Amino acid sequence: MTRTPWTIEPRLGGAGRSVLIAPVAAMSVTVLIGAAITSSLGVSPLRALYFLYIAPFSTLFNFGEVLLKTAPLLLIAQALAIGFRAKIWNVGGEGQLILGAIGGSLLPIFFNDSDSMLMLPGMIALGMTCGMLWAAIAAWLRVRFNANEILVTLMLNSIALQLLYYLVSGPLRDSTGYNFPQSVQFPDSAMLPLLITGTRLNASLLVGLAATAFAWFFVERSMIGYKLEVGGAAPNAARYAGFSETHAVWLSLLIGGAAAGLAGVFEVAGPLGQLQRVVSPGYGFAAIIVAFLGGLNPLGILFAAVFVAVIFVGGDISQTSAGVPYAVNTILQGVLLVSYIAARLFVDYRVRLRAPLRFERAQLQWRH
Amino acid sequence: MANRKILACLAVTIGLLSASVARADPVKAGFITPSPIADVGWAHQIDLGRQAIEKEFGDKVKTIVVDKVQEGPDAARVMNQMITDGAKFIVLGSFGYFNDGLRAAKQHPEVDFIHASGYKQTANFGTFTARNYEGFYLGGLAAGMVTKSHTIGIVAAFAIPEVVAEVNAIAIAVHKTDPKAQIKIVWINSWFDPPKEQEAARALISQGADVLFSLHQDTPSVVNVAEAEHVRVVNTSSDMSKYGPNAVLASVTNDWTRYFVDSFRAAMDGTFKGVDTRGGLASGMVKVTAWSKDLSAEQKATISQAEADLASSKAHVFAGPLRDQDGKVRAEAGSNLPDQEIFGMNWLVEGLSGSLPK
Amino acid sequence: METLTFVLSGTVIAATPLLIAALGELAAEKSGVLNLSIEGMMSLGAVAAFIVVKNTGDYWLGVFIGGVAAMLLAALFAVIVLFLLGNQVASGLAVGILGGGMAALIGKPYESATVPPMPSFPIPILSHAPVIGRGLFDHVLLVYMAPAIAVLMWWIFKSTKVGLVLRATGESPETTHAIGYNVLVVRFLSVLFGGFMAGIAGAFISIASATLWSDGLIAGRGWIVVALVVFGAWRAERVALGAYLFGAATIGQLLVQSIGVEVPSQLLTSVPYIATIVAIALLSMDGKRIRLNAPVSLGRVYREAH
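Sequences listed follow chains A, B and C, in order. Here the first sequence is numbered in the numbering used here, starting from 1 and rising by one per residue. Here the second sequence is numbered in the numbering used here, starting from 1001 and rising by one per residue. Here the third sequence is numbered in the numbering used here, starting from 2001 and rising by one per residue.
Excised from the complex, chain A in its bound form (with noise of 0.2 angstroms):
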């Protein structure tokens, strides 16, 4: 009697369109039980409803914000995901998102009038080779070390917090801004493009776009992501092929590191407009789920990051408006991700009940 009464077994020849019904599925769970919270605290199910799915959408400046979110989750995920595919567990995104909001911040900070072209190049590439080399330490300590990424990266994410806030109240701080933490505010020639006026939109939604095409691209066109997926899925075909699990640590982690680097720019470049203590309301950890709740699929992932954005923005419209606390959309997160993984099952696997007839012939064939 060691059996589940049930057996599950792989779907084959990929799940085709049934692969939309997990998230599909994810969604609608989510909202009956955001429906059922909210009325349970006495808002109005339909107007909490309204307020955190349908508000975003209905301002052009609401709308903004739901891109403008969209553009970091977008970027971090797509990258991330190439390394989950791999099995490489990068969950250091929040804290390489810092390193690059340092990064992108020391040519404004230091040439704080200047309104030269290179500018926002400059803080582009400081800032990705800040978020990479971040990354980099939890590659070499697993490459030389053995070292698990997961726990590494997770520390790490605490040690940029603890970095940042040292540089903010010391060596980049404002030296007029009466000493609080913070640094002087960018020059124009530091802040990205809007690209609508009216809202805070700005290119990095255009970024993030590239990236999903690049991702596209390197899972489904491309000799190397062919190769770390597989190094994934039977690490010794690859190695047999050539691929080591080396280049697939180094490549999924510094990939990583650049797109959460960058996405870190583009928060000081964009909405915040200087360097300060919050620069990320947890989209390293954010981007984690909407890698998943992709499929670790690039155009999964688009889908994912914008439904994530939704719910943030719809969580604060919500706060404010309907008065639904904060931690209801923190629920929500949750229940979103629970009842995709949930769902998931039923979209990659087969499951059935095991008849008592072929239970009884099983054990027979156990016995022999």
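Possibly wrong hints are sitting among the right ones.
Unchecked claim - Facing chain A, from chain C, some residues (calculated, C-beta under 7 angstroms):
#1 L2085
#2 G2086
#3 A2090
#4 L2093
#5 L2105
#6 Q2266
#7 S2270
#8 I2280
#9 S2284
What the hints assert, rightly or not - In silico DSS-like links for lysine-lysine, alpha-carbon gap of 25 angstroms or less:
#10 B:K1068 x C:K2161
#11 A:K227 x A:K87
#12 B:K1242 x C:K2054
#13 B:K1062 x C:K2108
I should point out that these hints are in silico values taken from the structure, not numbers from a laboratory. Since the structure is predicted, the reported quantities are computational estimates derived from the model, not experimental observations. Where is the CB? At the ideal position from N, CA and C, for every residue including glycine.
Starting from the structure of chain A, add chains B and C where the hints point.
Just chains B and C now, with coordinates in the frame of chain A:
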């Protein structure tokens, strides 16, 4: 199915919204705080200000309050949503909302803002800061009076100028009533980590501190430890004596009610001016309450006299001659440290050891 | 309170919740399941225990309910990763977020409220000893129970059949299955145990050490717990050692400041994290040793063959 539901809800909501707009015109006032609104703490005091506005203006006002708003890129959205919902007056309860607030004020000249501890003002963007250092000066006098170990411990959140000024005020005052006293500081580097705050408090007690200062801890974390370890504590924001009936020596509290009510009235009348408001003991913005019963009448009298002198500007906390810990003269004898330097403090006064976290 | 007394008592108070939760996580990881939702489970345990104590004044009921609340969350996690074959990293994060949100919502009416501290249980004679008496032997019962559980788990892993089955499940689920144990049941129970312990750890913070509730009370300690298990190379005695070292580092950091030694406080705050990274690297460097202890199937989805 889901679609139809959403459409229906959309229709209902739009209906509700337009109905509410047509029915009455209470002026909307929004409040944003960084921490959850609880029974005590910074956000609680802001909320008391909100309640005062509601009480004063009755059905002429409708208040919206959003707590626990992170000081990052999201704060701007909450402001924008309040404005979309019709808010004409917005209180920004944390320094971290400063730049977003300034931007929003520029884009929406019809909305008036008041912001906690900012240092720039525009026509519709005013700032307010409490001279908490005056309150902590009084707390420092009392601490010097009651300490038996001649050791005072300070649990401090972040070394921003406001907190540094408080630390300095405590040091100056303590040395007035107990010239021998040593002052020890632990910086938490977090606005919020109650277990760590408590460990810091115990660390200071282990170093002999018998009077603690809880600088900007939102919860009664340090007060709890003081009560359990039988030492004294002076805390920030709210009266916390119910959490430490024996421990609390005094509470340095903020009373925003009058300022909020006045600012809101000005916003309604169209007479709002974006000015910098700094209130201390004189204006009642800072009130030191919950004085311990264990202070003798004589000690109370000394403190009351100091309070009266500060309130009437007869005395000043940072009066010259004032030197920093390197011996550099910061204020000459006969002059007071100017406000600009008080609110930009990044140095410790003579008599304090250690340095500020960089 | 003398300095040494404080160092000792501060260390055990800071270490106890970390150790309790880490032992729970150790059991789960030994069976092959990486549970990253500790932070959320500790929060939920903390708030549940706090509410019980606030309303009934019964501390042990609080501890129990705190454990059960987190265990229910752990059950959800277990169902997802074991029966629905969810990825352990993603599922752990998701359930952790869910738990944190639930704790914040349930605890909203109790924000910043306090309870009297859980009564301590001074150990006769020992608690009267100078310095170490108050430092080590005048605490709530959970403080002494934590190392006792560590010893018990060390013994279970080393010498009992239960320990053997648990380890085998983590090493090679296929073999465990073949010799007639239900892998999923073993793992399910291990994860439940992990949840129960995380809940108790949260309860310790809210009703015994901090004696208050506020959203964010756990402040990242759940992540330290995950690191501790690796720091301790999946061995109960080393996890315990790691927890006390970590507690000592936390206390040392504050003590150094209160004495007045000048070190950037952000650097001090980072020390435990840096130490963990170094420890992970050093432990992992010796490939043989890590292979001896790290559960081979940790983090991998197990699907029963026909």
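Verification of the supplied hints:
1. For C:L2085, the suggested interface contact is upheld, since its CB lies about 6 angstroms from the closest CB of chain A, less than 7 angstroms.
2. Given the 7 angstroms rule on beta carbons, the hint for C:G2086 holds: about 4 angstroms separates it from the nearest Cβ of chain A.
3. Satisfaction of the interface hint for C:A2090 is found here, the shortest Cβ-Cβ separation to chain A being roughly 4 angstroms, below the 7 angstroms cut-off.
4. For C:L2093, the suggested interface contact is upheld, since its CB lies about 6 angstroms from the closest CB of chain A, less than 7 angstroms.
5. Satisfaction of the interface hint for C:L2105 is found here, the shortest Cβ-Cβ separation to chain A being roughly 4 angstroms, below the 7 angstroms cut-off.
6. Annotation: C:Q2266 was flagged as interfacial toward chain A, and the flag holds, the nearest CB pair being 4 angstroms apart, inside 7 angstroms.
7. Hint status for C:S2270: holds, given a least beta-carbon distance of 4 angstroms to chain A, under 7 angstroms.
8. Hint status for C:I2280: holds, given a least beta-carbon distance of 5 angstroms to chain A, under 7 angstroms.
9. Hint status for C:S2284 relative to chain A: holds, with the closest Cβ pair at about 4 angstroms, below 7 angstroms.
10. Taking the CA atoms of B:K1068 and C:K2161, the gap is about 50 angstroms. The hint is violated against a cut of 25 angstroms.
11. Among the hinted pairs, A:K227 with A:K87 is consistent with the structure: their alpha-carbon atoms are about 12 angstroms apart, no more than 25 angstroms.
12. Of the supplied pair hints, the one linking B:K1242 and C:K2054 holds, its CA atoms being roughly 15 angstroms apart against a limit of 25 angstroms.
13. Restraint check: the Cα-Cα separation between B:K1062 and C:K2108 comes to about 23 angstroms, which is no more than 25 angstroms; the hinted pair holds.
Of the numbered hints listed earlier, the single one contradicted by the structure is hint 10.
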